[in-house]
Each structure stands twice: as C-alpha cells, then as structure tokens.
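Enquirer: The lines below spell out each chain.
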Amino acid sequence: MTAVAEPEVGRARLRKEDARLITGRTRWTDNLSLPGMLHLAFLRSPVAHARISKIDTSAAKQKPGVIAVVTGADVAEEQGSLPCAWPITEDIKIPNAPSLAVDEVNFAGEAVAAVVARSAAEAVDALEAIDVEYDELPVVLDMNEALAEGADLVHPELGTNKCATWVFDSAEAGSGGAIDDAIAQADVVLERTFRQQRLIPSFMEPRSVLVDPTGEQITVWSATQIPHILKWMISAVTGVPETKVRVIAPDVGGGFGGKLQVTPEEIITFLMARRLGRPVKWTETRSESMQSAHHGRDQIQKITLAAASDGTLKGLKVELLADMGAYLRLVTPGVPILGAFMFNAIYKMDAYRFECTNVFTNKTPTDAYRGAGRPEATFAIERMMDELAAELGRDPIDLRRQNWIKHEEFPFTTVAGLTYDSGNYEAATAKALELFGYDALRQEQRERRERGDTVQLGIGVSTYTEMCGLAPSRVLGALRYAAGGWEHASIRMLPTGKVEVITGTSPHGQGHETAWSQIVADRLGVPFEDVEVLHGDTAASHKGMDSYGSRSLAVGGTALVMAADRVIEKAKKLAAHMLECSEDDIEFSGGKLTVRGTDKATDIQSVALHAHVAHDLPEGMEASLDSEATFDPENFSYPHGTHLCAVEVDTETGQVKIRSYVCVDDVGTVVNPLIVEGQVHGGVAQGIAQALFEDAVHDESGTLTTGTFADYLLPSAADLPSFVTDRTETPATTNPLGAKGVGEAGTIAATPAVVNAIVDAVRHLGVDDIEMPCTPMRVWRAVHSGTRAEGGPGGEAGGGLGSIDASGGAQ
Amino acid sequence: MLLPPLRYLRPETPEDAVAMLSDVDGSVVLAGGQTLMNMLKLDLAHPDALVDVHRIDALRGIEHDADGTLVVGAATTYAELARSPEVRRSHPAVAEMAAGLVDRQVRNRGTIGGNCCLNDPTSNYPPLMVALDARFRVLGRDGERRLPASEFFRGTLATAVGRGELLTTIEIPPMPQGSGVAHEHLQVGADSWAIARAVVRLDVADGVVADARAVLGAVYGSPLRLPEVERRLIGQRATPDLAEAADALQDVDVQTADDVHCSAAYRREMAEVQLRRAIRAAVERSVQ
Ligand SMILES: Cc1cc2nc3c(=O)[nH]c(=O)nc-3n(C[C@H](O)[C@H](O)[C@H](O)COP(=O)(O)OP(=O)(O)OC[C@H]3O[C@@H](n4cnc5c(N)ncnc54)[C@H](O)[C@@H]3O)c2cc1C
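Protein chains in written order, with numbering that gives the first Met the number 0: chain A, 0 to 810; chain B, 0 to 287.
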C-alpha cells in the first residue's frame with residue numbers, strides 16, 4: 000500500500016463517474032421520484048411583448064388531476080424579483096423580474112402561469128385550458144433601434160432601453176496611454192464591425208427541479224451548476240431563512256453556463272411545493288429549454304485597431320452593444336465585462352479603451368455561455384489581427400509574433416491592467432505550426448488560387464489567451480459582483496482508511512470525481528480507489544462557490560491541496576505520538592510516516608484509525624484528522640494556445656469543409672490528460688458550431704424561429720474533422736497545482752480560427768468578412784458579391800420546404 | 000399536450016393493416032416514426048390511431064426478381080439497405096443514399112417506404128425513385144395497384160396512397176448495362192435538411208447516352224423531372240462537357256422556398272450547381 004506508485008497526477012485515467020453518467024442509471028433530477036409527488040408545468044407567453052389583460056384559470060382548475068393553478072398575481076407577494084448579482088455600474092437600470100409575469104410579458108417564452116397536477120401529462124394538458132388575453136405592445140428587437148431617440152421601450156418604467164454603460168480606459172486606469180492619441184499617431188487604422196450571434200447553450204440534460212417541503216429543511220434538487228449560490232438566492236428571493244433550505248445538484252448533464260442561473264422555474268416550483276406541502280417536480284421539454292432558458296453571446300462589436308506601418312500595434316478601441324434580452328438574470332450584465340480585459344489578448348500595445356452599452360430587448364435574457372465574454376473578445380482581436388496582416392501584406396503568424404508578449408517578459412502587466420503570470424506563446428505556436436504543416440498548406444493554397452480551383456483553401460489562426468480560474472474576491476468586489484470567488488474543500492479521514500473529499504465545486508460533466516481523487520491520492524498517498532468525492536449537496540458540502548469560469552481545478556483544486564496538507568500536519572503530530580518521537584522527526588511520503596533515519600514507520604490509514612478511536616491522543620489534540628480549507632486566488636489564471644484551422648471553401652456553393660484542425664493548448668500542469676483532451680474536443684466543437692452552424696433567430700414579432708434542433712443546428716461528429724490536439728505546459732505560478740483551467744479554452748479559441756480560415760480562403764475574391772454563422776448561403780453571397788455577407792432570410796423566412804421546418808408549418 | 004390520446008394498433012399482415020386503415024377512423028400508418036412521431040409532438044398531425052407496420056415481415060426484406068428487379072419491402076430500414084451486399088451490387092445508388100442519411104438512429108428506424116410516402120420536398124428518396132423508374136405497389140381493400148413513380152408522387156407531402164391504403168413494396172428495375180447514377184446534394188450540416196438535391200441517371204452504350212433521367216429534389220411539389228435537360232443529354236457522347244445540359248434549367252420555373260438557412264433564390268442557384276455536378280458524376284460512373 001505504501002509502495003512507491005506511479006504518481007496519479009498526470010495519469011490519463013478513465014473517468015470513474017462515466018459508467019453511471021453515460022448509461023443514465025444515476026440520480027438525474029428527473030429520475031427522482033418521491034411519495035405523493037406532484038408535477039408542475041408552465042404556460043408561456045407566445046408573444047414577445049404584451050400587457051396581460053386577462054387570465055382565466057377556472058377551466059384549467061377543473062381539468063383531471065389538477066391540484067392548483069397559479070398566475071403571477073397569485074404569487075406576487077411571495078415571488079420577489081429574480082436576482083441580478085452583478086450590477087456593473089452605480090446607475091445600472093434593473094427591471095423588476097418576477098418569476099411569473101404579473102401584468103406584462105417581455106419575451107416569448109416568459110412564464111405566465113403554472114399548473115400543478117398529479118401527473119406531468121395532466122399538468123401539461125391543463126395548460127391549454129388557461130385563457131390568457133394579451134394586448135400586444137410594440138416589440139424591441141434590434142439593439143441600435145432600441146437606443147434610438149423615441150424608441151419603443153421594453154420597460155417603460157425605466158425610461159430607456161439602455162441598461163448600463165461600462166468603460167475601461169487605459170489612460171484613466173493608468174495602465175496605458177490615451178486611445179485617441181494612439182489612433183492619431185498610427186499609420187494604419189482599421190475599423191470593423193462584427194456580430195456575435197445569439198446562441199443557445201444546448202446542454203444535454205434539460206433543466207429539472209424537484210422540491211420536497213416535508214422536512215424541516217425544504218430540499219431542492221435541481222439540475223444546476225450552482226447549488227450553493229442557489230441556496231443563498233432562494234432565501235434572498237423568497238425570504239425563507241437559508242437554514243431552512245437545502246439544495247442538491249445531483250448528477251447534472253451539462254450546463255455550459257446555461258445552468259449558472261437562478262431560474263423562475265426553481266422559484267415557482269419551490270413556492271408551490273411549500274404552499275401545497277407536497278413534493279413538486281418540474282422538468283422542461285427541449286422546446287421550453289430553447290425558448291426560455293437563458294441564451295448566450297449576442298453582441299455587436301465595433302473595433303478600431305491602430306498600428307504602425309511596420310505592424311507594431313498601437314492601440315485598440317472596442318465599442319460594444321450587448322443584448323441583455325428582457326431581464327437581468329444572475330450575471331447577465333457582467334458577461335460582456337468578463338471580456339473587457341481580454342480584447343488586447345496576448346498583445347502589447349500602448350492604449351486600450353473598452354466601452355460596452357448593455358441594451359434591453361424583448362428577447363430571452365442572455366447570460367453566461369461557455370467562455371462568457373472571452374470568446375467575443377478573442378474573436379474580435381483575432382479577426383482584427385488577420386485583417387491587419389492582410390492590410391499590411393504580412394503573414395498573420397508573423398504579425399502576431401511581432402506583437403505578442405515574449406516568454407521572457409512574464410509576469411507581464413497588460414494595457415488592460417491584468418498581470419499574466421506565465422505563458423509561452425512561442426512554444427505553443429511553434430508546435431502547432433509543425434503539427435499543422437503550415438508551409439505545405441500555404442503552398443497548396445497558392446496553387447489552388449493560381450489555377451482558379453472551384454475549391455479554395457484557407458488557413459485560420461487563433462492565438463488566444465483567457466482569464467479564468469474565477470476569481471480573486473477583491474477583484475470581483477471592485478467589479479461590483481455581489482459574491483466572492485474563493486473555493487472550499489474538506490477531507491474526511493474515515494476509520495477504515497478510506498477518504499471522503501467534499502468539494503464546493505459542482506461538476507456537471509467535467510470529471511471532478513476522477514481528477515480530485517487523483518490529486519488526493521497523490522497528496523495523501525492513498526489508493527485512487529479509496530477516495531470518494533462528494534459534491535453538490537449543501538448538507539454535505541456546506542460551503543462552495545460552484546463550477547463555472549474554468550475555476551474548479553485552479554481554485555477548488557487548490558483548496559483541496561491545502562486541506563490535504565492540513566490532514567498531513569495533523570497526522571504527523573499523531574504519528575510522532577504513536578512512534579514516540581518529536582514531530583519534527585516525522586517524514587511524510589507516499590502515505591507513509593517515518594521517523595527520520597530509522598525504519599520505524601506507520602501509515603496514514605493507521606493514523607486515521609488511531610485518531611478516530613481516540614484511545615491515546617497527544618495532549619490537546621482533537622479526535623480527528625479531518626481538515627478543511629478555503630482558497631481565494633490572488634490572480635486569475637491565463638491558459639493560452641495556438642489553434643490552426645484549414646478549410647476548403649466550395650466557391651460554387653459556399654459550403655465550408657474543415658480539412659484539418661490543430662490545437663496546442665497550454666493549460667498549465669495537467670492532472671488528467673484524458674479529461675483535458677475531452678474538454679478541448681468539446682470546446683473546439685462548440686467554437687466551430689458558432690462559426691458555422693448555430694444561430695438563435697427571431698422573426699419580426701420576436702418569436703424564436705429556430706426553436707427546435709431541426710433549425711437550430713448543432714454539429715455532429717459527421718460535421719467535424721478529427722482534431723489534432725497537443726499541449727505545452729507552462730505551470731501557473733499562482734496556485735500550487737500549476738493549473739490554469741481548460742473548460743472554456745477550446746470554445747474561446749476555435750471560433751476565430753474557423754472564420755479567419757474561411758475569409759482567408761476567399762480573400763483574393765475581394766472578401767474581408769463573413770458574418771457568423773458562415774452558412775453556405777452567406778459564404779456564397781460573399782464570394783459572388785466580393786464583399787462581406789450578412790443577414791440571411793432568417794427572421795423573414797416564411798414556411799420552409801420541409802414538413803418540420805423553420806415556421807413549424809406542415810405544408 | 001405532450002401527445003394526444005390515440006390508439007396504437009399492430010397488425011400481423013399487410014391485409015390486416017389495410018383492414019384497420021379502412022375501418023378505424025383517423026388511422027394512419029406508422030413506419031419508422033422518424034417523421035410521424037415528431038409531427039405528433041409538434042402538434043402538426045392529429046391522427047386518432049396509429050397502425051404500426053414496421054414489424055410486418057411481409058413488408059420487410061430485399062429480394063431480386065429473375066430479371067434483376069430489386070424488390071424492397073416498404074418497411075425496410077435505411078440501415079438494412081445500406082448494409083445489403085446485393086443492393087450495393089445491383090443498385091448502388093439505393094444503398095449509398097441509405098448509408099448517407101442523417102445519423103445512425105434515424106437509419107436504424109427510418110424506412111424507404113416511409114420516406115416515399117411522406118414525399119417531403121427535402122426527402123432523399125423520391126427523386127432517386129423517379130430517376131430509377133421505380134414502381135410502387137399499393138394495397139387497398141379492393142386489391143393491389145402498381146404505380147410508376149411519376150404517378151405515385153402527387154405533390155408536396157402527397158402521394159397516390161389513399162385512405163385505407165398501404166404501400167407494400169417498391170420495385171426498382173434492373174440498371175441497364177453501362178448506366179451511371181449520381182446523387183448530389185447540399186445541406187448546412189450533416190443532420191440538417193437539404194437545400195438542393197439533384198439525381199441524374201445516364202444509360203450509356205458505346206460511349207453515347209442512350210437514355211437519361213434528370214430529377215431535382217428540394218423543390219415544392221413532387222420531385223421535378225427535367226425533360227429538357229434529359230433531351231440535351233440523350234444521344235450525346237458521355238463526356239464531362241455534358242454538364243452544360245444543366246443550362247436548360249434556366250428556362251424551368253423551379254418552385255422552392257425560403258427558410259431560416261437560405262433563400263429560395265439561393266436554392267435555385269444551388270439546384271443548378273448540384274445538377275451540373277450530378278451529370279458529371281453520372282458520366283464518370285457510367286461504364287463506357
Ligand atoms: C433528425 C432527422 C433528420 C432527417 N433528415 C432527413 C433527410 O435529410 N432526408 C430524408 O429523406 N429524411 C430525413 N429525415 C426523415 C427520415 O428519413 C424519416 O425516416 C422518413 O422521412 C420517414 O420514414 P419513417 O419510416 O420514419 O416514416 P414515418 O415517420 O413512420 O411515417 C412518415 C409518413 O409516411 C406514412 N407511411 C409510412 N409508411 C407507409 C406505408 N408503408 N404506407 C403508407 N403510408 C406510410 C406515415 O403514415 C406518415 O405519414 C430526418 C429525420 C430526422 C429525425
């Protein structure tokens with residue numbers, strides 16, 4: 000047992016949680032069933048903006064199986080307003096956000112009534128018997144129009160559609176010069192406008208909530224990423240004391256930020272269970288999910304890049320419009336701010352200004368979606384670097400190399416005021432270029448151009464970094480975020496020598512159980528199999544800030560290491576007592592506690608048992624090795640990497656085929672390479688999806704046209720190439736694991752790599768931009784008009800061709 | 000409503016199925032359910048009863064007649080067609096189309112008969128069936144009818160299968176010596192619906208096109224046969240230059256639609272591109 004084993008950290012272990020997750024034989028919220036359980040269903044507004052002139056629920060109440068029907072008016076006293084934890088400015092406008100609409104609906108899909116019935120089918124059936132009259136109001140959909148003088152208002156009581164304007168200016172912050180000077184002195188000034196289309200997070204497990212009010216604590220099971228925050232917020236919203244609420248995130252099937260939310264459905268299910276005194280469950284349909292769970296992205300980015308004629312960057316100006324949708328959810332207004340520090344990316348420049356205007360529209364609220372703010376930033380700067388390279392006739396990699404922070408310059412404080420602790424852009428790029436066969440592909444590109452081939456080849460580059468490992472609490476405080484960014488872990492040493500690890504992170508597919516076990520097995524010198532990781536239940540895991548922002552390992556893993564070190568400290572004390580030596584003479588290694596220079600030894604399991612039976616403890620020692628720790632990072636972590644994409648563009652059809660995709664990521668020290676690779680694969684697929692496929696389109700009345708996966712296109716394996724993934728490892732210096740985080744990296748990096756490749760393929764035909772998603776028609780239009788292509792039939796689309804098509808109409 | 004209450008019936012024989020379809024009001028055939036179940040869920044179809052035919056042995060299976068005609072049961076799945084060595088040998092285009100359809104789940108359930116009976120403009124098989132001169136055997140109370148593809152497909156989501164009737168079998172004549180069949184199509188993603196589709200068959204003898212079929216899918220109505228294009232192909236030497244015959248499309252009123260991913264105008268442009276490519280590929284595949 001104490002033999003020197005291969006270190007666990009660094010091993011590509013298969014994930015121990017996968018068998019149960021993949022077969023579904025596990026505790027998904029919707030798999031749970033309690034005695035006397037009732038089912039809840041929501042009636043949702045079919046219109047985007049209207050006054051509710053009448054709701055009649057009397058017929059619904061008579062339907063079979065129905066126990067209760069409530070409207071917003073019925074719960075007005077209890078439902079409070081859904082929380083926005085990130086009021087980014089002092090003068091931010093925050094509309095009241097009822098869980099059930101009271102007089103007015105502000106987006107199509109907003110809940111207006113709820114039915115509780117004996118079965119889920121009866122609840123859904125009764126919805127049809129609720130009679131609602133809507134007096135339609137003008138809908139506000141376009142951000143520019145929303146800001147125009149005299150625009151119709153989403154929330155007339157706010158007097159404006161402008162939610163907040165947030166500014167970072169390097170001259171004001173003292174981290175750089177004035178942007179206007181930089182632009183005035185530059186030889187080249189490029190200006191571009193990019194659209195970050197609206198995306199739907201599309202987690203695999205639909206949202207589900209089950210509330211059991213029959214104990215002293217009301218227990219809430221929810222398919223959420225944030226059980227700890229949810230517990231706090233349920234209490235804040237409903238006034239029920241936090242001590243009376245227990246939240247459990249059982250196994251959760253994906254989130255991508257989409258379950259980083261306190262939802263109207265959670266609040267109403269909670270209130271109804273409490274009111275009826277019986278367990279109540281709600282599980283959404285996929286259509287409900289697409290319409291009403293928060294969306295992501297949706298920005299218009301005006302970017303001005305200033306450079307010297309030799310390619311040296313001078314300054315960057317970013318002017319954003321960010322669509323909030325109809326309400327501010329948990330971190331809605333802060334999402335674009337997470338990008339504010341990242342537009343300058345890995346580059347050195349003199350001046351930087353970021354200004355973001357958050358705008359209300361009559362659409363589903365937006366909020367965090369994988370990468371949250373950073374994919375938008377990375378897209379903009381990486382597209383601009385390619386545009387600048389084209390303008391100057393430079394190789395895009397060469398231009399980046401000229402401007403990026405050199406590895407010997409770390410730690411480096413950027414023009415946005417962040418200090419990047421470590422990185423090596425040269426190494427990652429060199430490796431990527433080699434794997435990609437850059438020169439040969441450029442050669443082929445030239446040949447195809449020369450012979451006017453129907454199929455043109457393009458090469459896209461994305462050298463990204465991101466700030467993750469959210470987050471230093473003092474920085475969050477300075478950004479007016481309402482919570483901290485620390486993480487907590489505890490370790491229980493059981494009498495049998497087994498170890499229970501309790502983490503405040505809340506995995507929903509990332510494999511924490513495996514990775515955390517590897518870390519603890521190494522630290523404590525116990526077998527991997529002996530470690531059990533508990534998470535997601537606020538009764539067991541009493542303290543935590545949950546999982547998002549690629550934080551779990553860098554922050555939560557560090558708390559775990561600290562807790563393990565405290566276990567060892569206690570164990571040493573007890574071992575010294577057992578072995579009758581001084582504590583300083585105890586050496587700990589591989590689970591073994593040895594008296595220095597002797598063969599007298601014991602192991603951590605024996606010490607744990609000794610502590611537990613407590614027959615013979617040293618003076619003043621408690622009967623426990625158990626330890627806990629809270630870690631608050633002093634800095635973010637900064638993964639980086641180089642992604643290279645080669646696409647073939649069929650100029651006759653506009654169809655894009657990804658020919659090869661190479662990524663070399665530096666996510667610091669790797670605990671489990673297999674998990675890292677999985678995160679990169681999934682992340683890159685999601686980034687490619689934004690570039691080529693996904694788009695949440697609304698028609699002119701504000702209803703979601705792409706409301707099913709028939710129209711909202713997710714790529715499948717058949718649409719994607721085999722990714723070539725590799726790594727460089729430059730450890731983070733800000734945590735003992737050296738870990739940087741990998742959850743969002745692929746998504747952040749991939750989108751601009753793909754779009755850059757497409758534009759590169761057809762640039763010689765006069766194209767300098769194509770709006771995302773780069774569908775065949777958009778690419779074809781760009782090729783045939785020799786300019787940027789935007790729009791599409793989108794919103795105006797009438798009934799499509801198929802039986803199950805955009806309009807949903809059968810022909 | 001999640002699903003409206005309805006009856007589920009499972010006949011043992013085609014005759015029983017037909018009896019149920021005529022006797023039970025509001026009954027419809029359920030085959031692979033890959034379209035029908037989605038339409039029920041989206042509240043786009045409202046049958047009172049489902050007559051599930053996908054386990055009727057007599058409706059499944061792949062055979063060849065003495066003259067080489069491929070005889071396929073209507074409830075044969077795409078997966079069965081895709082992996083049949085006999086179909087690959089005799090009618091490769093039929094097997095290839097099945098192998099390329101959507102994803103494994105749909106291929107394991109979806110049926111060639113369901114695909115044809117739906118006659119969705121974006122469906123894969125109808126234009127191929129027209130190009131291959133397939134015949135459809137339709138069973139009703141009063142016996143069996145045998146219809147050529149040109150009479151079977153009757154317009155968008157409409158076929159000659161009437162109330163109380165069942166498509167039992169599809170017969171595809173043997174491919175003439177030297178013929179080449181090509182199917183070209185364009186979609187946004189592998190799982191999405193077709194933007195444009197063209198199927199071309201060239202029967203080549205002594206290097207000359209003896210007979211030809213040129214058919215478009217992804218258009219309103221039934222698969223669109225293009226006699227003018229075919230006329231330009233027949234009698235010509237089978238070379239890649241034949242693709243120019245697609246020019247004739249400019250005089251054809253191709254009726255199609257906008258959707259969220261593309262405009263009707265783009266669809267029409269793409270129809271021509273696919274047709275050109277299909278002609279070229281058919282030339283390549285013909286044995287000269
Ligand atoms: C995600 C997805 C993507 C798809 N993409 C494509 C695509 O790109 N191309 C494509 O061609 N198809 C596509 N389909 C549809 C799929 O091919 C269906 O399988 C097919 O359209 C219908 O076949 P089915 O056996 O499932 O029929 P069902 O759904 O069971 O029935 C379809 C219709 O045909 C009728 N019917 C079925 N069999 C008979 C019969 N023997 N006699 C009389 N009437 C009958 C039914 O009553 C019903 O009206 C897709 C489906 C999905 C789910």
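These are computed hints drawn from the structure, not numbers from a lab.
The model shown is predicted, which means the values in this text are computed figures rather than measured ones.
Misleading hints may appear alongside valid ones.
Listed next, the in silico DSSO-like pairs over lysine-lysine satisfying Cα-Cα at most 30 Å (straight line) [said to hold, decoys possible]:
| # | chain 1 | residue 1 | chain 2 | residue 2 |
| --- | --- | --- | --- | --- |
| 1 | A | K542 | A | K571 |
| 2 | A | K60 | B | K40 |
| 3 | A | K430 | A | K497 |
| 4 | A | K542 | A | K243 |
| 5 | A | K569 | B | K40 |
| 6 | A | K243 | A | K161 |
| 7 | B | K40 | A | K15 |
| 8 | A | K92 | A | K62 |
| 9 | A | K572 | A | K497 |
Chain B stretches covered by chain A per the calculated footprint, using a threshold of three residues with CB under 8 Å from any CB of chain A [as the list claims (entries may be wrong)]:
| # | stretch |
| --- | --- |
| 10 | 61 to 70 |
| 11 | 189 to 197 |
| 12 | 203 to 217 |
| 13 | 252 to 260 |
Some residues of chain B that are not near chain A, with every Cβ distance over 10 Å (derived) [claimed, not checked]:
| # | residue |
| --- | --- |
| 14 | S21 |
| 15 | D51 |
| 16 | A78 |
| 17 | P84 |
| 18 | D102 |
| 19 | G142 |
| 20 | S149 |
| 21 | G161 |
| 22 | R162 |
| 23 | R231 |
| 24 | R236 |
| 25 | P239 |
Idealized CB from N, CA, C, for every residue including glycine.
Enquirer: Now tell me if each hint is right for this structure.
Expert: Results for each hint:
For the suggested pair A/K542 and A/K571, the alpha carbons sit about 27 Å apart, so the restraint of at most 30 Å is met. A hinted pair counts as satisfied when its Cα atoms are at most 30 Å apart, and A/K60 with B/K40 qualifies at roughly 24 Å. Taken as a hint, the A/K430 and A/K497 pair is broken in the structure, with Cα atoms around 42 Å apart against an allowance of 30 Å. The suggested pairing of A/K542 with A/K243 holds, with an alpha-carbon distance near 16 Å, which does not exceed 30 Å.
Distance restraint check for A/K569 and B/K40: the Cα-Cα separation of roughly 60 Å exceeds the 30 Å cut-off, and the hinted pair is therefore not satisfied. Note on A/K243 and A/K161: the hinted pairing is violated, with a Cα-Cα distance of about 38 Å set against a maximum of 30 Å. Between the alpha carbons of B/K40 and A/K15 the distance comes to roughly 36 Å, so the proposed pair goes past 30 Å and is violated. Between A/K92 and A/K62 the alpha-carbon distance is near 41 Å, which puts this suggested pair outside the 30 Å criterion.
The hinted pair formed by A/K572 and A/K497 meets the criterion: a straight-line CA distance of about 20 Å does not exceed 30 Å. Interface restraint, the stretch 61 to 70 of chain B with chain A: violated (0 residues with C-beta to C-beta distance below 8 Å; minimum three). For the stretch 189 to 197 of chain B, the proposed coverage by chain A is satisfied: 5 residues have a C-beta within less than 8 Å of a C-beta in that chain, meeting the threshold of three. By the rule of at least three residues with a Cβ nearer than 8 Å to a Cβ of chain A, the coverage given for the stretch 203 to 217 of chain B is violated, with 1 such residues.
Coverage of a stretch by a chain is defined here by at least three residues with a beta carbon nearer than 8 Å to that chain's beta carbons; for the stretch 252 to 260 of chain B and chain A the count is 6, and the condition holds. Separation of B/S21 from chain A is adequate, the least Cβ-Cβ distance of about 24 Å exceeding the 10 Å criterion. No Cβ of chain A comes within 10 Å of the Cβ of B/D51; the nearest lies about 20 Å off, and the non-interface call holds. Listed as a non-interface residue, B/A78 keeps its Cβ farther than 10 Å from every Cβ of chain A; the least gap is roughly 16 Å.
Listed as a non-interface residue, B/P84 keeps its Cβ farther than 10 Å from every Cβ of chain A; the least gap is roughly 24 Å. Not every beta carbon of chain A lies more than 10 Å from that of B/D102, the smallest distance being close to 6 Å; the non-interface claim is violated. With 10 Å as the threshold on Cβ separation, the claim that B/G142 sits away from chain A holds: the shortest Cβ distance comes to roughly 30 Å. Even its closest Cβ contact with chain A, about 21 Å, leaves B/S149 beyond 10 Å, as expected for a residue assigned away from the interface.
In this structure B/G161 is separated from chain A by more than 10 Å, as the shortest Cβ-Cβ distance comes to about 19 Å. Non-interface status of B/R162 relative to chain A is upheld: no Cβ of that chain comes within 10 Å, the nearest being about 18 Å off. Listed as outside the interface, B/R231 is consistent with that label: its C-beta sits roughly 20 Å from the nearest C-beta of chain A, beyond the 10 Å cut-off. For B/R236, the shortest C-beta to C-beta distance to chain A comes to about 24 Å, beyond the 10 Å cut-off, and the non-interface label holds.
At roughly 13 Å from the closest C-beta of chain A, the C-beta of B/P239 stays outside 10 Å, upholding its exclusion from the interface.
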